[in-house]
Each structure stands twice: as structure tokens, then as C-alpha cells.
Amino acid sequence: MSDTVLNVQSLTAGYVPGLPILKDVNMCLGRGEIVAVIGPNGAGKSTLIKAIAGLVLVEEGTIMLGARNLVGIRPDEMAIFGIAYVPQTNNIFRTLTIRQNLMLAAKRSDGLVDDLIERMFTLFEILRGKQMDKGGKLSGGQRQMLAIAMALVAEPKLILMDEPTAGLAPKVAEEILSLVQDIAEKGVSVIFVEQNVKAALSISNRTYVLAEGRNQIDGSTQELMEGQVIKEIYLGDRRIET
Amino acid sequence: MIQNLFDGILVGSILSLGAIGLTMVMHMLRFANFSHAELLSVGAYVTFVFDKLLESMVPAFSQAFGGLSLTFSLIFAIILSMGVTGVSAIIIDWLVFRRIRDSAGPLSMVFASFGVALIVRNLISLIFGLKPKLYSEEITFAVRVSLDPLILIKLDQVFVLCMALVIMLIFHFVLSRTTFGYALKAVSENPTLSQINGVHLALMIRLIWLIGGGLAAVAGVFYGLNNQVSFLMGNNLVLSLFAAVIVGGIGSIYGAVVGGFLVGLASNMALLILPSGYKPAVPFLIILFILSIRPTGLFGEKK
Amino acid sequence: MIGIVSYLVFFLTMGFVMSIAVLGLNLQWGYTGLFNGGVAAFFGAGAYGLILLGGSNKAGQMIGFGLPYPFAVAGAVLLAGLLAWIVGLITTHLRHDYLAIATFGVAIALENFARNAEPITGGAKGLRGFERPLENVINDPFWFNLAYLIFVIVVLIIVYNILENIGQSPFGRLLRAIREDEVAAQSLGKSPARIRLQAFIFGSMIMGLSGALYATFYAFISPQDILPILTFQIWSMLIVGGSGNNKGAVFGTLVVWAGWVGSGWVLTQFAPVEMQLYIGTIQFIMIGLIIVLTLLIRPKGLLPEKLILSRSVARLKPE
Chain A
1 MSDTVLNVQS
11 LTAGYVPGLP
21 ILKDVNMCLG
31 RGEIVAVIGP
41 NGAGKSTLIK
51 AIAGLVLVEE
61 GTIMLGARNL
71 VGIRPDEMAI
81 FGIAYVPQTN
91 NIFRTLTIRQ
101 NLMLAAKRSD
111 GLVDDLIERM
121 FTLFEILRGK
131 QMDKGGKLSG
141 GQRQMLAIAM
151 ALVAEPKLIL
161 MDEPTAGLAP
171 KVAEEILSLV
181 QDIAEKGVSV
191 IFVEQNVKAA
201 LSISNRTYVL
211 AEGRNQIDGS
221 TQELMEGQVI
231 KEIYLGDRRI
241 ET
Chain B
1 MIQNLFDGIL
11 VGSILSLGAI
21 GLTMVMHMLR
31 FANFSHAELL
41 SVGAYVTFVF
51 DKLLESMVPA
61 FSQAFGGLSL
71 TFSLIFAIIL
81 SMGVTGVSAI
91 IIDWLVFRRI
101 RDSAGPLSMV
111 FASFGVALIV
121 RNLISLIFGL
131 KPKLYSEEIT
141 FAVRVSLDPL
151 ILIKLDQVFV
161 LCMALVIMLI
171 FHFVLSRTTF
181 GYALKAVSEN
191 PTLSQINGVH
201 LALMIRLIWL
211 IGGGLAAVAG
221 VFYGLNNQVS
231 FLMGNNLVLS
241 LFAAVIVGGI
251 GSIYGAVVGG
261 FLVGLASNMA
271 LLILPSGYKP
281 AVPFLIILFI
291 LSIRPTGLFG
301 EKK
Chain C
1 MIGIVSYLVF
11 FLTMGFVMSI
21 AVLGLNLQWG
31 YTGLFNGGVA
41 AFFGAGAYGL
51 ILLGGSNKAG
61 QMIGFGLPYP
71 FAVAGAVLLA
81 GLLAWIVGLI
91 TTHLRHDYLA
101 IATFGVAIAL
111 ENFARNAEPI
121 TGGAKGLRGF
131 ERPLENVIND
141 PFWFNLAYLI
151 FVIVVLIIVY
161 NILENIGQSP
171 FGRLLRAIRE
181 DEVAAQSLGK
191 SPARIRLQAF
201 IFGSMIMGLS
211 GALYATFYAF
221 ISPQDILPIL
231 TFQIWSMLIV
241 GGSGNNKGAV
251 FGTLVVWAGW
261 VGSGWVLTQF
271 APVEMQLYIG
281 TIQFIMIGLI
291 IVLTLLIRPK
301 GLLPEKLILS
311 RSVARLKPE
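Protein chains in written order, with our numbering: chain A, 1 to 242; chain B, 1 to 303; chain C, 1 to 319.
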């Protein structure tokens, strides 16, 4: 893989000490790559990206960003390393306006806040017109766009997204997916969790399948789609390794 | 009755300043802090000390501004006291509350806050004595604004009211126009999301104690200017402060301000029908009333 | 010799009377996780209730029903229960610190009322005119006090046993379930708020009983007896003994009471004249320190709660 950006090795992590959700998980990510993480409910997909974002207790293993182990870094420090995270729900501040949300998020980067925000409005024109509206007034799709904008505004090198198309109308979902591709083309690496397998496979370069907290299968999306495994798992023929 | 109205607004402004810090702590750390009211006492007494100190060091500072009890040294003393009181709040959290919230539950912190209040209040009494103190031994005369109905207003009271409003306006400005203000609101709404967006949570909590302590110091001084500086100040105000926070809605800073004024007004207007001896019971009745009809307060969010 | 024994009788009487209140608090806090910030109010309701109901209508007072002692006590206890019902109804289904604030407030309001409503409560002067039961029969003060001590001990044993039984009963399990995980308890079909209210009222009634016994002993009550410091004293007695634990509650009461009385004596003897005014202040700081230090060092108190085997399981243990 060209230019490894992130290397997760033997990761064992969970919310309660002694009760890990992730067991011995491995993953790696290259520059400008889009990696999808799919799997059944409770597989630990969200926990994986939360662990990378510093929100979950890591018991064993490493998360290497270049030469730096991210384990133990505070979530608010992740921006220093160019990492941004878009949670699945409650991902914007309802009591702040769109503009205020972005101003807060932009503080993480060194650049000029107004320029950065301007760039976001160019990307998400619909937010520009509503920038004085409080977050609580936005529709589901607009909230999601704002959440992604809040991650992008700090010019991250790596973006973690938890089910970015969940609950969105198909057209909006398509826009988001296309946006993710644009971001990756500019050199930003993306890891995203998805329940919608078709959506995930449509844009990812490589895919990891997680179940019961462990790696099941992974590889280039192309190969996986040609192979039998994904079909079997999702059509229910093959049992999951635990 | 207009006198009651004015007194109520004056007390209300003091309660508002004190309630802002309390509502922030109650929301962020999820416990009713019975020792917050003592920060008003601490602020008032520390100001007293600095005031006397500065006056003795620089006699020119004891020059009062026309008609007011306010002197240069008092102004500096208040500013210094805001810092000292804010830092004391951080230290108390570090010594007591932080450890308990790591090992036990929020109710244990309420508990501990009772203990802290007892200790602080009585230490103050040990150090400064049982007799109340005044910032200025000079008598400032009240201005008779109207004869019938009789309305007496001291210049000090006008000053306190104006300053309190100025401080609240500054706070409003910070909340609505600075990134720090956004961070404060963000942390109040969703601590985890604010961390994701680069806010250092532990630092914010320390700042919340600092700001709460600073505002409490100002409130304490204003109360002392309006009445007297006594070790019982916290004891006298604690229930009213809680009432203000509950009326406004825990976590809402604007609610705390509105709540403070409402409680101040209600307590003084109640004097029109109740004998004055019953005044301390009014905040309790307000609390019962609000909790029965709208427990989340005026601006609070339903959990 | 008689003097020391007399004093010991007094000490133990007061100690056991207060331990009854501490047991009531244990039901609220230790069993149910309720924070009562105004113990003095319910204690006071019982104390004032007793004097009002049992006292005779002497000169200057408007109220004094002169009821026979058992009825006066029952009435006092019910009065405390009524007060708890009003406060509890409004707050036990809300966020936990609301109960703390509301009970703290009711204590302030009650003391305030007692101090001001002179026709009813005697105001700051307090209420007299209560004749202690059987005092005309047992003339000698020493023997009367001794008899009263025995009476208090009997009441304590009864209350203790009732609470121990509750602890091991299904209701007790329910209380602990609600304390630990309210959502789970709700799924069992029980209404946690109602159960909490019941526990709160019952605990407060026990505190009222304690107040009634206190007032009986002194045949006098005044607002000075129901100041906020009483709440803190009772709390520190519970914490020192270990919450959730009835034995510890009684033990903690005697320890703290001994400390209070002892420190008062030491300070009076050895403190310089100028400091005599501050004896109370120093004692208050001590109570505060007891509370804070115990919470920091030993959150579970001196006698930690043992895993309470409910009776039915205990019976299954192999012979």
C-alpha cells in the first residue's frame, strides 16, 4: 500500500476495563485511501473508530500514526495529529448556530478561521444561507453536512466517520458518498463505518469485515466483491468466526 | 411597594451573579454544590483584606468616588479577590470534589459540599471574628427619591445594580461572540462532542470553577456593600441561590440571571404580605412551587 | 460516683435517641440512596408535635392538647410523616439533588416558622408546659432518668429490628434495586418513585420519633434545637458508622456524640478565655472535617456494608 498513514495492531479495547469489545483487531490505511468497516450489529465497528479517536479505553495493542502511538492521547488533542471524527448521532451543537459550530471546530487548526469557514460554505452551499440558524433547526441531512463540515474545517489528514449516510434520503446519501470520494482525491484518508453494505462497497478502496469484535476478512473491495465470502456472510450461509 | 421592587431588583442582581457559577457547576458536574454560597463570603472577606492592605500601602487610594463607598483600593481589591476566590474554587475542587467524583457518586459530592461549607464558613469566623464588618466606616446617606411613597436609594445600591448589569452584559458578549463562549456552551450541551471538536474538558472545568468563583466574589462584595460582611453570608444566601438556579433551569446561564431577579423580587414583594421574619422561608416556597409545576425550570432542557 | 453514673445515663440517653434518627436516615440513604438534607426538619416536626399534642394548655400559649403520652408520640410521628409526604411527593421522582435542596429548604423553613409563629410554636422562647410521663410516679430524678434510658433503649431495639427485617425482606431488596439501577427496577413493574416516597416518609417518621423522644426528655423545645447543624451531626454519625449498616449507625452515633461532648469539654477546660466564644465554631469545623475526610478516605464508612443475604437464601445454606 502506498504511504501507510495509520496502522492499527492487535487492538483490544472496550468501555469497561476487563470487558473488551474489540479483540486483537488489525487494520491499516494509506494516504488518500477510503477504507470501509462493515459487519453485523454489535461487531465493534463504532468502537474501533472511537478507539482511534481516543474515546474508548485501549487495553492492548497500538495505533500507529507514522512513528507515533496514538493510544493514550486525549480526544481533544487528536486534531494536532490531523485526525477528525464524525460521530453517528449528536454530532453537532444544537444550541450553537451553524457559523458558531464551525468557528469552534475551526479553532483546532492554525489557519485563518474565516477562510476555513468560507471553504466549507463553498463545499456546502446550503449551509451558507442558514449560517445564523441554530443547529437544532436543521434537517437531518443538513445536520449531517454540518457534522462533516465541522470535521473538514480543521483540514484533517484522516477522517473517521460513523455511518455517515444513516437515516438520510437516498439522494442526500449519494451526495455524501460522492463528497467522501472528493475528499479522498485531495489526499485525505477516510475510514468509515457503514451498515449499508452496497453504499460502503461503492466507494471504498479496501474493506474490513468485523464481527464479534474481531477481524473476519479484509482486502481490496474489488477482490471481496468478486469473492464468495461477502455474499455468503450477507446472505447468511457462512458462520462468523469468533 | 416601589421600595420593595427596587430592593428586590438589587438583591436579584446579586443573586444572579452568584447563581451563574452555581448553575454551571451543577450542570457540568451534576451535583448540588452547597459550598458555592460560601465563595461569596470568601470573596467578600478577601476583598476586605486587600482593601485594608492597599489603603495602608497607598493612602491616596482611600479616596472615595463622590457619594459612593467605592474607593480605588476597593476596586483593585475586588479584582484581586476575584482571582483569589476563583483559584480557591479550583483548589477546593482539586482537593475534595475531584477525588470523590472519581471514586463515589454525585450524591457523595453533595455530601462533601456540606462539609466544605461548614469548614469554610467557620474558618472565616475563626479568622475574622463573629462580628460583621463594613467596607467603609463612613456613613453614606440614602437619597430620598420620593417622599410619598417613601423611596430611599443609596448611591451604593445604584452602583451595585449597574455593575452587576455590566458584568452580565460582558458575560453575554463572551457567550455569544467569542470562541471561548461557544466552547462553554458546547461543553454544557455535549461534553464528549466538545472534546471531539478540540475542547480540553479538564481545563474547561477548571475555568468554570474560576469564573464561578470570580463572579461569586463580586456578588459577595456587592452584598457586603449593600448589607454587611459577615461569616453568615453564605448561610443566608445558599437557599436563594439554589432557588434562582432551579427557577432558571439548571445549566442555563441566562436562566440563572432571570432566576436570580425573580427570586430577589419575590422575596421582597412577599414582604408586602408576610411579616419580615418569614423572609428566609420564601426561597423554599419558590423551590417547592417550581418543582411542582415545571421541574426543569424556565430555560432548562428536559433530560 | 452517682454524678458519673448520672452523666453516663444522660450521655447514653441522648446518644440512643439520636441513633434512632440516624437509623431513619440510614433507611433513606443507606437502603434507598435518598439524600435528606433537612433531617432537622423531621426531627423537629416530631419534637414540636410532641410538645404541642402532649403539653397542657398553660398560661400564654394557644395550643396544648394535653393528649396522653402514647397518642402524643403517635401524633408527632405522623406530623413528621406528613411533612415528608409533602416534600417527598414533589421531589422523589426528580433528580436526586432536588430532594437534597428541597429537604435542606424545609429545615430552614421549619426553623424559621418555629421562630416566628409565636402563638403556635412559642417563637424563639420555645414551648414548655409538657409534663413528662410517669414523672409524678417516679419522683427521684436519678431513677426517672434511668427508667427513661431503658425506655429509649427498648424503642431503639424495636426500631432496629424493624429496619433489619425490612432490609432482608423483598421490600428491602426492592429498595436496593432502585438505589442501584432504577431503570432495571422499573422494568420489574414497580414504580421507583412511589417506593422511594414510601421509604422517605417512613425514614422521616423514625426521625420524628427520635425528635419526640428528645422533646420528652427535656420537656421543652425551641428553634435552637432544630438548627441546620443537627442535620450535619446526624449525617456525620451515619457516615462514620458506615451507611447501609444499622449496627454501624448506632456505633457511629455514639462515637460522634462522644467526640462532640468530649471536644466541648476539652475546649471549655483548656481554651483561653477569648476563644470560649468560638467553641461551637471549632466543633462545627470538626463535624465538617469528619464528613469530608471520611468521604475522601473511607467512602464506605468504618463498618462497611456486608452483603445482606435475604432470609430465604440464608435458609438454603447447607447445614
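Where hints are given, some of them may not hold.
What the hints assert, rightly or not - For the chain B half of the interface with chain A, some residues (derived, Cβ under 10 Å), not all of them:
id	residue
1	S103
2	A104
3	L107
4	S108
5	S146
6	T179
7	G181
8	Y182
9	N190
10	S194
11	I196
12	V199
13	A202
14	R206
15	M269
16	A270
Said to hold, decoys possible - If you anchor each label on the Cβ, the simulated ranges turn out as follows:
id	chain 1	residue 1	chain 2	residue 2	range
17	A	L112	B	I91	47 to 53 Å
18	A	I126	B	L95	18 to 24 Å
19	C	G3	B	S56	20 to 26 Å
20	B	I91	C	A271	27 to 33 Å
21	B	H172	A	K171	48 to 54 Å
By construction, these hints were calculated from the structure, which means they are not laboratory data. Just so it is clear, CB atoms sit at the ideal spot from N, CA and C, and this is done for glycine as well.
Structure-based check of all given hints:
At about 15 Å, the closest approach between the beta carbon of S103(B) and any beta carbon in chain A exceeds 10 Å, and the interface hint on this residue is violated. A hinted interface residue such as A104(B) counts as satisfied when its beta carbon comes closer than 10 Å to some beta carbon of chain A; here the least separation is about 18 Å, so the hint is violated. Because the closest C-beta pair between L107(B) and chain A is about 22 Å apart, greater than 10 Å, the hint is violated. Hint status for S108(B): violated, given a least beta-carbon distance of 21 Å to chain A, over 10 Å.
The beta carbon of S146(B) comes no nearer than 43 Å to any beta carbon in chain A, farther than 10 Å, and the hint placing it at the interface is violated. Taken as an interface hint, T179(B) checks out: its beta carbon lies about 5 Å from the nearest beta carbon of chain A, inside 10 Å. The closest approach between the C-beta of G181(B) and any C-beta of chain A is roughly 9 Å, which is under the 10 Å cut-off, so the hint is satisfied. For the restraint placing Y182(B) at the interface with chain A, the shortest Cβ-Cβ distance is roughly 5 Å, inside the 10 Å limit, so the hint holds.
A distance limit of 10 Å between C-beta atoms decides the matter here; for N190(B) the minimum to chain A is near 6 Å, and the interface restraint holds. Because the beta carbon of S194(B) sits about 8 Å from the nearest beta carbon in chain A, less than 10 Å, this interface hint is met. The criterion of a C-beta within 10 Å of any C-beta in chain A is met by I196(B), whose closest approach is roughly 5 Å, and the hint holds. Checking V199(B) against chain A by beta carbon gives a least distance of about 6 Å; that is within 10 Å, so the hint holds.
At about 9 Å, the closest approach between the beta carbon of A202(B) and any beta carbon in chain A falls short of 10 Å, and the interface hint on this residue holds. A least Cβ separation of about 14 Å between R206(B) and chain A goes past the 10 Å threshold, and the interface hint is therefore violated. Given hint, M269(B) at the interface with chain A, is violated; its Cβ is 32 Å from that chain's nearest Cβ, farther than 10 Å. Hint status for A270(B) relative to chain A: violated, with the closest Cβ pair at about 34 Å, above 10 Å.
Our hint of 47 to 53 Å for L112(A) and I91(B) is violated, since their Cβ atoms are close to 38 Å apart. For the hinted restraint 18 to 24 Å between I126(A) and L95(B), the CB-CB distance of approximately 50 Å leaves it violated. In this structure, G3(C) and S56(B) break the distance hint of 20 to 26 Å, their C-beta atoms being roughly 54 Å apart. For I91(B) and A271(C), the hinted distance range of 27 to 33 Å is satisfied, since their beta carbons lie about 29 Å from each other.
Checked against the given bound of 48 to 54 Å, the beta carbons of H172(B) and K171(A), roughly 41 Å apart, lie outside it.
Hints 1, 2, 3, 4, 5, 14, 15, 16, 17, 18, 19 and 21 from the list above are not met by this structure, while the remaining hints are.
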